[in-house]
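Colleague: So you can see what is in the structure, the chains are spelled out below.
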Amino acid sequence: MAKYLLLKHYRGDHAIAKDDLAPMDQWTPEEVTAHIAFMRLVADELRERGEFVDEQALSPEGTFVRYDGEGRPPVTDGPFAETKDLIAGWMVIDVDSQERAYEAAARLSSAPGPGGRPIHEWIEVRPFYGEPPVVTE
Amino acid sequence: MTEGPGLGELLRDLTPQVLGILVRRGADFAAAEDAVQEALIEALEHWPADRPETWPTSPRGWLVTVAGRKLIDAQRSAYARERRELRVHLEPEPGPSEQADDTLLLLSRCCHPALTPASAIALTLRAVGGLTTAQIAQAFLVPEPTMAQRISRAKRTVSGERFDRPGEVGAVLRVLYLIFNEGFSGTVDLAEEAIRLTRQLAGATDDPEVDGLLALMLLHHARRRARRTSTGVVVPLAEQDRSLWDTAMISEGVAVLQAALARDALGEYQAQAAIAALHDDAASAEETDWPQVLEWYDELLRLAPSPVVALNRAVAVGEVDGPLAGLRQVEGLPADLPRRDAVAAWLHERAGDRAEAARLYRLAAERASNVAERDHLTRQASRLHAGG
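Chains as they are written, first to last, in this note's numbering: chain L, 1 to 137; chain U, 138 to 525.
Isolated chain L (complex conformation) (with noise of 0.2 angstroms):
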């Protein structure tokens, strides 16, 4: 009964992954066809349980913006898709368990990537702030 966002990351040299992949462009159409459908499959199982809040993709293009004072255009910085961390989309789940989130997380980790092997991807778990109990004398 609470909520976990799942961050899904990916960095320029795949070094979040366990194995140095290829970057998904130069994979086969069939292994980008099998990776998004398992993908949609483990959204779907997740729907099914009753567990699915919700999910965004994310662009890898990100801007820094920041306030530069009055009266002025806010500063921009980036895009740094070639060497920083970036977030390539998440997830909302709502389980029963921290270890129902990381069995969820980790099945997604287990997407199909080349020849059809597991990608095992690192997948963050980051826990929501619920709401306070009524009761806590």
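A portion of the hints provided could be inaccurate.
[Said to hold, decoys possible] If you anchor each label on the Cβ, the simulated ranges turn out as follows: (1) L:Ala57 to U:Glu424: 57 to 63 angstroms; (2) U:Ala462 to L:Arg117: 58 to 64 angstroms; (3) U:Pro282 to L:Thr28: 31 to 37 angstroms; (4) L:Phe128 to U:Thr269: 23 to 29 angstroms; (5) L:Phe128 to U:Arg516: 43 to 49 angstroms; (6) U:Arg206 to L:Asp96: 37 to 43 angstroms; (7) L:Gly115 to U:His522: 28 to 34 angstroms; (8) U:His522 to L:Asp96: 37 to 43 angstroms; (9) L:Asp96 to U:Pro142: 33 to 39 angstroms; (10) U:Gln395 to L:Glu45: 47 to 53 angstroms; (11) L:Leu58 to U:Gly198: 21 to 27 angstroms; (12) U:Arg362 to L:Ser110: 18 to 24 angstroms; (13) L:Gln26 to U:Thr269: 48 to 54 angstroms.
[Stated by the list, open to error] Calculated from the model, a selection of chain L residues having no Cβ within reach of chain U, i.e. all distances over 10 angstroms: (14) Asp25; (15) Gln26; (16) His35; (17) Thr63; (18) Pro73; (19) Thr76; (20) Leu108; (21) Tyr129.
Hints in this document: simulated from the structure, not taken from any laboratory.
For each residue, glycine too, the CB sits at the ideal point set by N, CA and C.
Following the hints, complete the assembly by docking chain U onto the known chain L.
Modeller: Frame of chain L; chain U shown alone:
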């Protein structure tokens, strides 16, 4: 106009009763729930909300009959033989003495040990509370299809087995207490819903622990207006404006508790309610009867030992025997226990060690599980840092 409940309220109260009757008579849980929903729709179509005098003399009997017919209709094609048996089962209308069993039976089924807490809560609110799937989804901030799935999975889980005797009351009380503790979010006040359900159960059963839980909820809920400022900032018990407490609700809670205690079958909910009553009874934080609170914590620790109870007991020890005695109690508790650092911080501040208190408040803020608590603890740390 006229006295008595409105149509919506009446139907909500009758829903679990009708469902309970069908289930006890052997109907499949999921099918019975669908049939009751259809009967409710028919009632809404046929009973003019503004003219109660035209409603059936026995609304419950009407609903049982219509829901029974719906159930038969649904099963007609597939189970022609069962249909005849069901028709026999559903006649005649049950007498009032069976209602108690039905309420407990239905709650036991919704709080079945095979269900996860999240599923049990969803099913209870749906089948017994009569909330819509959309309302439950909103209360738990999940999409409606997600909640619909959760509920239908829960129904499937409990559907297989025959169920003609109520299960353990303890499992039901745990789920009701969880619902209460979800508190308020969305358009439905789950704390009030939990009180309503517990009240129904208390009216239908003869168990002092059910009354103990009802008292506990009332005694906590009575303080709800004082618990947050208008901007949502958490106000600790000791700093609450006690004039905001609901005195009528406190009196009711105390009366329910006293009647339960008089029956001499103490349980953990009664003990917790007794502690809540001692807090509610004090005109100011300073007047809290801490020695008695501590005695009840000793009792609670004996009835339901847990690190959380031990931590709360340490607060009472700190009040009665001084902060160093309280800290000695905290030291023996697991380091990852929620709120352990916050309690230790408070005791260190009492003992005069402001630096250690500030450090622990900061640590507690980092480990808080909700924003309100995090902000409160951060403010405590910064107050000590600023020398306030």
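Colleague: Decide, hint by hint, whether the structure agrees.
Modeller: Do the hints match the structure? See the list:
Hint check: Ala57 of chain L to Glu424 of chain U, Cβ distance near 58 angstroms, so the stated range 57 to 63 angstroms holds. Checked against the hint of 58 to 64 angstroms, the C-beta distance between Ala462 of chain U and Arg117 of chain L comes to roughly 60 angstroms, which is consistent with it. Roughly 34 angstroms separates the CB atoms of Pro282 of chain U and Thr28 of chain L, a value that falls within the hinted 31 to 37 angstroms. Between Phe128 of chain L and Thr269 of chain U the beta carbons are some 24 angstroms apart, a value that agrees with the proposed interval 23 to 29 angstroms.
Restraint check, Phe128 of chain L to Arg516 of chain U: a C-beta distance of roughly 22 angstroms breaks the suggested window 43 to 49 angstroms. In this structure the supplied range 37 to 43 angstroms holds for Arg206 of chain U paired with Asp96 of chain L, their Cβ-Cβ distance being about 38 angstroms. The given range of 28 to 34 angstroms is broken by Gly115 of chain L and His522 of chain U, whose C-beta atoms sit roughly 56 angstroms from each other. Evaluation of the 37 to 43 angstroms hint for His522 of chain U and Asp96 of chain L yields a pass: the beta carbon distance comes to about 38 angstroms.
As the Cβ distance of Asp96 of chain L to Pro142 of chain U is approximately 36 angstroms, the hint placing it in 33 to 39 angstroms holds. The beta-carbon spacing between Gln395 of chain U and Glu45 of chain L, approximately 51 angstroms, falls within the hinted interval of 47 to 53 angstroms. A beta carbon spacing of about 58 angstroms between Leu58 of chain L and Gly198 of chain U contradicts the range 21 to 27 angstroms that was offered as a hint. Our hint of 18 to 24 angstroms for Arg362 of chain U and Ser110 of chain L is violated, since their Cβ atoms are close to 50 angstroms apart.
For Gln26 of chain L paired with Thr269 of chain U, a C-beta distance near 50 angstroms keeps the hint of 48 to 54 angstroms intact. With a least beta-carbon separation of about 33 angstroms from chain U, Asp25 of chain L lies farther than 10 angstroms from that chain, consistent with its non-interface assignment. The non-interface label for Gln26 of chain L is consistent with chain U: the shortest C-beta to C-beta separation is roughly 36 angstroms, beyond 10 angstroms. Chain U leaves His35 of chain L outside its interface by the beta-carbon criterion, the shortest separation being 25 angstroms against a cut-off of 10 angstroms.
At the 10 angstroms boundary, the C-beta of Thr63 of chain L stays outside the reach of chain U, the nearest C-beta of that chain being 28 angstroms off. At the 10 angstroms boundary, the C-beta of Pro73 of chain L stays outside the reach of chain U, the nearest C-beta of that chain being 32 angstroms off. At roughly 30 angstroms from the closest C-beta of chain U, the C-beta of Thr76 of chain L stays outside 10 angstroms, upholding its exclusion from the interface. Distance to chain U confirms Leu108 of chain L as a non-interface residue, since its nearest Cβ pair spans about 17 angstroms, more than 10 angstroms.
Listed as a non-interface residue, Tyr129 of chain L fails to keep its Cβ farther than 10 angstroms from every Cβ of chain U; the least gap is roughly 5 angstroms.
In this structure, the hints that do not hold are numbers 5, 7, 11, 12 and 21, in rising order.
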